[in-house]
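Use the sequences and the hints to build the structure in full.
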Amino acid sequence: MAKKMTRRRFLKGAVIGGVALGTGLGGYRVTYGQAKKAAGPIKIGGQGAISGAHADYGWQMMAGSTLAMEEINARGGVLKRKLELKFMDEELKPATAVKNVRYLATEWGANFLFGVDSSGSAMAIGPVLPEVDRLHFFTHAATHRLTEELVAQKGIKQIFRMVAPVYQDALAAWVFKDTPEIKRWAGINCDYEYGYVAWNLFKENMKRFRPDVEFVAAAWAPFWTMDFSSHIAAVMAEKPDAIFSTPWAGEGVMLLRQALMLGVFDKIQAWWQGMGGSVDLLEGISREVAADKFKGKLWATARYIHNYPVTPENKAFVAAFRKRWGKFPNYSAEASYSAIYAIKAGVEKAKSLETAKVGAALEGVELKTPAGIRLIRKEDHQAIYTVPAGKVIQSPDYPLPVLGDLRIIPAKEYFRHPPFTPVAATK
Amino acid sequence: MLEKLLYQGLIGLSFSMYLWLLSAGLTLAFGVLGVLNFAHGSLFMLGAYASFTFYGKLGLNFWLSIGLSLASVGIVGAILEGLFFRRIYDLDLPYQLILTFGFILIFDDLVKMIWGGVAMIPPMPRFFEGNLIVFDRPFPIYNLFIIFAGLAVALILWLVLEKTWWGRMIRASATDREMAGAIGINIPTLFTTVFVFSAMLAAVGGALGTPVRVVAPGIGTAMIVQAFVITVIGGLGNLKGAFVGALIVGILTSFGILLFPVFELFIIFVVMAIVLLVRPEGLFGK
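In order, the protein sequence lines correspond to chains A and B. Residue numbering for the first sequence follows my numbering, starting at 1 and increasing by one per position. Residue numbering for the second sequence follows my numbering, starting at 428 and increasing by one per position.
In the SDA-like style, the derived pairs of lysine to any residue whose C-alpha atoms are separated by at most 25 Å in a straight line are:
no.	chain 1	residue 1	chain 2	residue 2
1	A	Lys368	A	Lys412
2	A	Lys295	B	Met551
3	B	Lys431	A	Ala237
4	A	Lys267	B	Lys431
5	B	Lys539	A	Arg324
Since the hints were derived computationally from the structure, they do not count as laboratory data.
Here you go:
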């Protein structure tokens, strides 16, 4: 009995002591952290895919944000504090992305977060953000649900999206609505949310403009598809006039090259490659474009293209990016570059690093960025800016193919607006 | 409709042949050495990287590049078997899993260090460009070549295993290792050779794919799941089973994309589940 009492007492003591010690240490840590923060840099944590078939996108995020930070630091930083970057591999896995967010926010001590390629990862991160209480600037993940559901409906104010969402893919409906000879559309799409929503939004809008159009076939390709021949053969069996497709990065390149082998461009009138205006994809098909294998039938857009808009800001950005990295920037680079400047704008306006204050400062502002004026819409924290569509061409002004014959449709026309009605995110 | 199905079947057949090349080595290593090599996909990836380097980077002849990539992966295989796998033949399956899985991670990181994480795409050799008209539709010469290459490998494997002295030694050792050793077969050397052969089979698949596929870290892991489904359907360790399994998976996937695009992904898993229920040892397993 006595023994028991001793143990209980001991435990009690240990618990109290532990709590006291813990609080003490915690208190010390907080003070230490704050003291350090006042003098140290503003920490910005990013993540994206930096390995695998989509790896160029993460690299571009890193390159774009690094460039912005170097520029800002050279001019004295933000509120006289330098910016510091840590960038991690998201691996396109939601679990990894959430782990990275927790690590960056709590252990590394990031003040702000940005990046993320996969929509699945973005939707997994969203609900964690209020808990870690950090603003997260999404610079690629395109699902409409991130801003429509998580921000506008659920009120997760920590989410901001700098990049054009999946609305951009549906631009095809505006580009082809006045082409009466194209009546039969087929889709080769990603077998995950992005593909479903892009295809559904396109169909919905196209049907609105052109009730006579038919959607004759759809094939679905998951991440890591390397052989698209079966998908191409299956949709071509229905003799479509045009193809709408969403696989991106290396997968988009493989799809287009395999389509050429299967003689698709002899049979169809147009091929819409949603994110075909991205630099890595254009680079991947440059030999084929130079040899005019697509016969002027390949159309695309992106979430930013380096040859639009023709403004001093964009020219300066592209020149600085090429000088720093020896490459052209793609959209994840531009969005990450602009995200860093958005953080600067927000912090300077709020004169604070506090999440709620910076977030409120950014709502409804217009930012002058390389991609044009970005309006940060108050209701859903979505940046609104126009990106044109165009035909993939070889231009004497550039070493790589670019989008030419540009179709400029104002973003207000093809972006969705609150209050949002649901879009099917299923096949 | 019939022409549509036949054409789609032919496309599926060329896909099957990639799967066959990958599964052949996997099942051979299991059948003879008893090793379930999860890193087999990594050898496939190394084959792709090697042929990309020789052909796409150094500009060597396409066929020479394939030969050199086979040789390089063969050497990697010899090192793997001689230094590591040899030590786990007698251990339980979980040990094999841990070791071979470890090599997947090591190889993925190694290629990232050497070639970078970004996907690369080499040019298509001239002689593969163009297509033939089959069932009134263009069929790529390259896919036709893959079909012949797959069948040729199947024929060579059959001849080697069934008609040669070496093949008989392999079959004997697979059946009874101790007895084979007792009658004078040098088991360690034979096992190294078989493993090198299995690594080279993986490399052929990787190397032949380079002109139309991307080369990126992780491509091996992406393929290995299908290869496992194939070996389970065909019977682990059985080459005939791997061939038939690859045909089933490749052609069914292709038909699935045409006929049931919404459910296509799970069709092969349904087939696998049925096989496991009805014949757990696989179609050709003992």
